[in-house]
Amino acid sequence: MSAGPPIRSRGPWELAFERLRRDRAAIASAVTIVFALVVALAAPLLAQLTGHSPIEQFTATGLSPTGIPVGPGREFWLGTDGLGRDVLVRIAYGTRISLLVGVLASALAVLIGAIVGIAAGWHGGAVDTFLSRFMDVVLSLPFLILALALAALVGPGLGVSIFLIAFFSWASVGRIVRSEARAIREREYVQAARALGAGSARIMFVEMLPVVSATVIVYATLLIPSSIAFEATLSFLGLGVPPPTPTWGNMLTDAMAYYKVAWWLLLFPGAALLGITYAFNVLGDSVRDALDPKHDQTIGAGRGGDA
Amino acid sequence: MTADALIQLRDVVKEFPVQSRAAFGGRSERLQAVAGVSLELRRGETLGLVGESGCGKSTLARCVVRLLQPSTGQILFDGQDISTASHAELAPYRRRMQMIFQDPYGSLNPRRRVGSIIGDPFAIHDVGPAGERRRKVQDLMALVGLNPEHYNRFPSDFSGGQRQRIGIARAIALRPELVVCDEPVSALDVSIQAQILNLLDELQGELGLTYLFISHDLAVVRHVSDRVAVMYLGRIVEIAPSEALYEQARHPYTRALLSAVPVFDPDETRTNASVELTGDPPSPLDPPRGCRFHPRCPRAQSRCAAEEPQLIPRAGDGPEHTTACHFPLVEGETMAIGAAPRMTP
Amino acid sequence: MIGFLLRRIAWGALVVWLVATLVFVVYFAVPRDVARLIAGRQASEETLAVVRARLGLDQPILVQYGRFLGRLSRGDLGESFITQEPVVSIVARDIPVSASLALGGAALWLLLGVGAGVVAATRPRSRTDRSITAAALFFYSMPTFLVGQLLLFFLFFQLYRAGFQLFPPGSYVPFTESPLQWARFLILPWLTIALVTGATYARLTRGAMLDALGEDYIRTARSKGLPEWRVVLLHALRSSLTPVVTQFGIDLGTLLGGAIVTEVVFGLPGLGREVVQAIIKQDLPVIIGVTILSSALVVAANLLVDVCQSLLDPRVRAN
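Protein chains in written order, with our numbering: chain Y, 1 to 307; chain A, 1 to 345; chain W, 1 to 319.
Source of the hints: derived by calculation from the structure; they are not laboratory data.
There could be a bad hint or two in this list.
Simulated restraints on C-beta separations [claimed, not checked]:
1. A:R175 x W:R222: 57 to 63 angstroms
2. Y:G199 x W:V88: 52 to 58 angstroms
3. Y:E186 x A:H216: 20 to 26 angstroms
4. Y:L111 x A:D201: 45 to 51 angstroms
5. Y:V137 x W:G66: 19 to 25 angstroms
6. Y:E186 x W:G3: 24 to 30 angstroms
7. Y:T59 x W:I61: 48 to 54 angstroms
8. Y:G275 x W:E46: 55 to 61 angstroms
From the structure, some residues in chain Y lie toward chain W, with a derived Cβ separation under 8 angstroms [said to hold, decoys possible]:
9. T66
10. L148
11. L266
Beta carbons: idealized from backbone N, C-alpha and C, even for Gly.
Take the sequences, apply the hints, and build the full model.
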């Protein structure tokens, strides 16, 4: 038997990445997301190329003599909206908002959830009881109504949207992390760390965090599409990023009025929204399969009702 | 009480509250895992601690290294009382006593690299600059028989025996005086057990370690220990130098344990004829009165149910061999095979 | 059992109280000129003073809070700033709409969702399973309003252009007037809710069933010779239902309080649309009233679900 190449050791992260690489659905969704990112970054370029800015109203060329939006054509590749604005350019700029809010809100929610979850799980006792009850309360809040009300109160905007979405999302991450942290607390390697004299901070950060990070990453990926959808809903109802900034949500509000005469107003932003959320959801499922092939199938299968 | 005692336990008791299963109310009862243990651990020796599952030996081990705080009683480390010390006060002692765990798969964090795991003691106690730490870790790895180049690997890349070596390296990193070994070889294959035991033996010689060696396997304990203590239901029932225990066990429970050890040499005289204990091990929630062993003991008499025997030398033994039994076995006496207890509880 | 029930009721009451307090703090305690909101920007100082006195806005905040809680406990939710109509009567008018929407949608999503989930789980990795999983993910990804709009476009508008005005939006006919018309205006909204929520249930059911079907007791049931449909429906499904029932409680409670987005898209005069309009117009009593009601409904639904689950599984009670 020949010696062969030395067997390389592959840690759990490398193995997960290998699984992900071989998952075709994951590759496809990753490509879609990268495409969206490129569009978002190239939005100003697109505006220059077409000669239309996202907020400019082309009443002469963009609207028919009766004031109806014009359809896709040479001048406006994806048509115009009710005010004669270029739909393609607006969708491109809308991509920025969606990606920005989606990623930032998710990151914020996951950060807070992980910290609170680990703290509650490690300390146990009164701290755990208090934090758990707090999370239960946050989860019981009627989130869409309150988000709308708060946005209306404070004045809708980008930062407000990010903060609100993160606020209504972190508790579900926190609960999952907490139960994982509680299980980890009893493991022998944590006992060993205590026997060595490690303090709470070190154990939470050095022992627990690497172990919960797999779950945290999965949730981060899965929260992005729900954050994007949440932002779109807020915008649709008029309480997202205020006009004239284009968001897919407020473009679809316009579509409500014009869909009978201008199908492109509904289908193009709709396709963009669907495409991006679908891609992130597929990626999230693939990430979860890659990190933990034997996972409990019911976790992450539901979403907070926004009906 | 000898002058070179590294650890002294005085009447250590460890209780746990247990929620009763009643639908309403829910009285909390107390479970005494360790019910009054007094022991001495001398510098440089290996003290074996044996007993059935659930007798409290792991709990006792964790009290000694202060992973648990004793409910009552005293633990003296090198003459200093550490029974009620806080986490901060215990810091200097952590460097001097360490623990090796039973489960090679559970005692190492699967998401951390072994170099980092072994280097934990250095990081926690702030020893040396980072570059020097790496070298020290690699020296430790070599010392316990691992390849220092595997510094960056994960525990999943190692076998059970190798993982125990990692755990040992971690435990001896700061050159402790005392190492508590909680069933360190119970989860390993027999051939690997021998290797690990030899390693522990070498390290004891090289580093001048004192071991508290916990196991349920008497054959292993005989091989490694200078003295052996036998534990039953939270109490010590017999302590003796190793050979004295195996050749002249005085406590019926010890005899029963010894009789279960397979003997491979057909020429060896069977002083411990097979003894079957009748009855189930009682629950620690409701221990028997008097001598805790009396319901299962073939030699029990009325005195055993009424009066708890002290752990003192019996039947002419010297101070090194103490037994907690009113009717200890004497020279040449054997226990009847399959005897029913004379006392019904 | 009684203890369990009391604890859950107490906890529910606490949550409702917290939501009420939160809403109160947000709207009345945060320094802002509520009086000006009502009276309008051009109002003179005297008008503002009258308004303040009438609403008790010149009292210290704790007194206002006390009166607020007092009125709440008597069931008095105040009156709309805009129309002066008592909030309670507004709610009474809107509830049948939201309830019709919620209950019809719920029946449909349970059928679609659980059914699809079971079918997918019993044929893992088959084409059926993959199509169902993809479809579920498709609808799960979309925000509800988009589903509604697409349904409007394809099922209403396209049919309308072809000459069939089957499911027009924007109207509601009470069941008592005409069941047929009632259903007609609700079919697309029901479908919207059913597709979006059903997708969640399909995923949930499929996941739970896959977990259950892999368990040893299923293998035992099969080896005993039980027909497959019994194994699937009576054994595997029963144990899979726990997460589904939990989710159902939350969803139904939320929807009873108004399916906000669906009602807006289809122009249905329910609690959801009411509260959105109130938010935009800053009609505080309506906002507060509907928010508290919505929260109470979710709590009540969760309580019901917990009771049912504890009857089925005694371990829940011990928790």
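Going through the hints against the structure:
1. A:R175 x W:R222: 57 to 63 angstroms: holds, 60 angstroms
2. Y:G199 x W:V88: 52 to 58 angstroms: Since Y:G199 and W:V88 have Cβ atoms about 56 angstroms apart, the given range 52 to 58 angstroms holds.
3. Y:E186 x A:H216: 20 to 26 angstroms: About 22 angstroms separates the Cβ atoms of Y:E186 and A:H216, which means 20 to 26 angstroms holds.
4. Y:L111 x A:D201: 45 to 51 angstroms: holds, 50 angstroms
5. Y:V137 x W:G66: 19 to 25 angstroms: holds, 22 angstroms
6. Y:E186 x W:G3: 24 to 30 angstroms: holds, 28 angstroms
7. Y:T59 x W:I61: 48 to 54 angstroms: holds, 51 angstroms
8. Y:G275 x W:E46: 55 to 61 angstroms: Once the Cβ atoms are compared, 58 angstroms apart, the range 55 to 61 angstroms for W:E46 and Y:G275 holds.
9. T66: Y:T66 check fails; min Cβ-Cβ to chain W is 19 angstroms, beyond 8 angstroms.
10. L148: holds, 5 angstroms
11. L266: holds, 6 angstroms
Checked against the numbered hints above, the structure breaks only hint 9 and satisfies the rest.
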